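Position one of the sequence shown corresponds to residue -8 (my numbering), numbered consecutively onward.
If you're looking for bench data, these hints aren't it; they were derived computationally from the structure.
Honestly, I wouldn't trust all of these hints.
Pair ranges (Cβ atoms, derived) [stated by the list, open to error]:
id	residue 1	residue 2	range
1	Asn(-1)	Gln47	30 to 38 Å
2	Val25	Thr49	16 to 24 Å
3	Gly16	Thr(-5)	21 to 29 Å
4	Phe0	Thr49	36 to 44 Å
5	Lys48	Gly20	40 to 48 Å
All values reported here derive from a predicted model rather than from experimental measurement.
Beta carbons are placed, not taken as given, at the ideal position from N, Cα and C, and that holds for glycine.
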Amino acid sequence: MLVTLLRNFYGSRQKWKQKDGFVNGKLFGQLFFVLQLVMLVINSFSSVISAWTQKQKTT
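All chains, full assembly: derive it from the sequences and hints.
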């Protein structure tokens, strides 16, 4: 999954190189923001899951 994501990201970057530099930077900034947001969601989700599984074990 991660490999596919990286491959898609690299392919997108190759396309962006043909476009305007400003647009390139803007898109990259947006992508970076989205990526950070996704990582934050995944982290919080995994912590919630681990807390829930600990709860299930105790009961």
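Indicate whether the distance between the beta carbons of Asn(-1) and Gln47 respects the range 30 to 38 Å. holds (36 Å)
Taking the beta carbons of Val25 and Thr49, is their distance inside 16 to 24 Å? For Val25 and Thr49 the Cβ distance comes to about 37 Å; the hint is violated.
Indicate whether the distance between the beta carbons of Gly16 and Thr(-5) respects the range 21 to 29 Å. Cβ of Gly16 to Cβ of Thr(-5): about 25 Å, so the range 21 to 29 Å holds.
Could you check the hint for me, namely that Phe0 and Thr49 are 36 to 44 Å apart, CB to CB? holds (41 Å)
Assessment of proposed distance window 40 to 48 Å (beta carbons of Lys48, Gly20): Because 43 Å falls inside the window, the suggested range holds.
Violated hint for the displayed structure: number 2, the only one.
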